[in-house]
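Protein chains: 2
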Amino acid sequence: MHPNVDTQQRILDSARELIYSRSYADVGVADICEHAGVKKGSFYHFFPSKRDLTLAVLDAYYLEIKTNLVAQAFAKDIPPLARLNRFGQLAYMFQKQALKDTGRVLGCPFGNLASEMATQDEPIRAKVEQIFSNLQGGIRLVLREAMAAGEVQDIDVEATAQAMLAYFEGVMLLAKSNNDVEIMGQLFPAMAQIRISPR
Amino acid sequence: MHPNVDTQQRILDSARELIYSRSYADVGVADICEHAGVKKGSFYHFFPSKRDLTLAVLDAYYLEIKTNLVAQAFAKDIPPLARLNRFGQLAYMFQKQALKDTGRVLGCPFGNLASEMATQDEPIRAKVEQIFSNLQGGIRLVLREAMAAGEVQDIDVEATAQAMLAYFEGVMLLAKSNNDVEIMGQLFPAMAQIRISPR
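Residue numbers (the numbering used here), protein chains in the order written: chain A, 292 to 490; chain B, 292 to 490.
Extracted from the complex, chain A is given alone in its bound form:
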């Protein structure tokens, strides 16, 4: 691998791990560089600021979740509403693994950053809004198929998709605040049953 690409990737991976397990504010550029084993000068060669790195971290998370969670959960081998339940189950298994690795339920990386930074950093807020909109779009497609298959009737598809995403985020937040991953196992099955009626 080209050494520069490797350095950039190590900074990104390091920031990802540290910010997810702690918070945006608690992790400084020096922490990220030390954890990545790179010099501070290298950091600013690749990223103008911690914020820019964090935007790249959010993109990297989204790509991973899209590939390893959304694509697997929403695969068309099972009926549409069952895919939403599979989404919850996979997220639960992922958090269980994180708990095993770190001793903590870490919550949702997008929800965490939105919650901490939305009122303070507009580019970070806007990036999370975009990611949430993409996730909502994925749920919307599943709901459209559920309607076509007769699994659901007479719903506001857009609002229902957003309500399901809100529930997902809230369950992740409660699991984190209680440091109890089993909350996810118990509460996620209700996600696919949420309905918002057309106005």
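Note that these hints are calculated values from the structure, not bench results.
Careful, some of the hints might be misleading.
A pair holds if it fits inside one copy or across any two, identical chains being indistinguishable in the list.
Unchecked claim - Straight-line C-alpha distance at most 20 Å; calculated SDA-like pairs for lysine to any residue:
#1 LYS391 x GLN411
#2 LYS387 x GLN411
#3 LYS391 x PRO489
#4 LYS341 x THR298
#5 LYS341 x ALA316
Based on the hints, put chain B in the right spot on chain A.
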């Protein structure tokens, strides 16, 4: 008013406002003292640390929300499930006012602190867990009355109360991340319809 009580209260009010509109990490003791118009020495006379002040801030928030939101929403002048809808409506109105005052949807003060601090500060995490447990207890009482009144049948009351709290928190988080208070108006009506079946 006794001057010391006044100083302590001003420190508390100042921390409350600053942490809620920004974040725990972004607000230092110096910021709190400057905003409150008190000397740094006074701060440590009343609070051993920013964490201790934050625990007091969480208590103050909880007391206010219990008095001005929960007590009003859950008053017994209307049927039980309608009280849950009133809870959502009052929270929506409160956030609308905060948006008018600050230009930002600030989210839930408990969810915000849990999301930022749960993995980093055990006393703050435990305090938010306790507050969430109290709020869940309030919803549980409403659900018990709803069962007695025949409004709901065959649910796991404890898990359903927690699911409703999770949904509430998730809607608050999405409203904050999108800086869009109308999400609350649109999504909260689905809260009272969430059900978790007995295992």
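- Message: Regarding LYS341 and ALA316, is the shortest C-alpha distance of 20 Å or less found within a copy, between copies, in both, or in neither?
- Response: both (10 Å within a copy, 15 Å between copies)
- Task: Using 20 Å as the alpha carbon limit, work out where LYS341 and THR298 are close: within a copy, between copies, both or neither.
- Result: within (16 Å within a copy, 37 Å between copies)
- State whether the alpha carbon distance between LYS391 and GLN411 is at most 20 Å within one copy, between copies, both, or neither. Between copies, since 17 Å is at most 20 Å while 32 Å is not.
- Since the copies are identical, ignore which copy is meant and state whether LYS387 and GLN411 lie within 20 Å (CA to CA) inside a copy, between copies, both or neither. between (31 Å within a copy, 19 Å between copies)
- Message: My question is about LYS391 and PRO489: at a cut-off of 20 Å on alpha-carbon distance, are they close within one copy, between copies, both, or neither?
- Response: Result: close neither inside a copy nor across copies, 42 Å intra and 28 Å inter.
Checked against the numbered hints above, the structure violates only hint 3.
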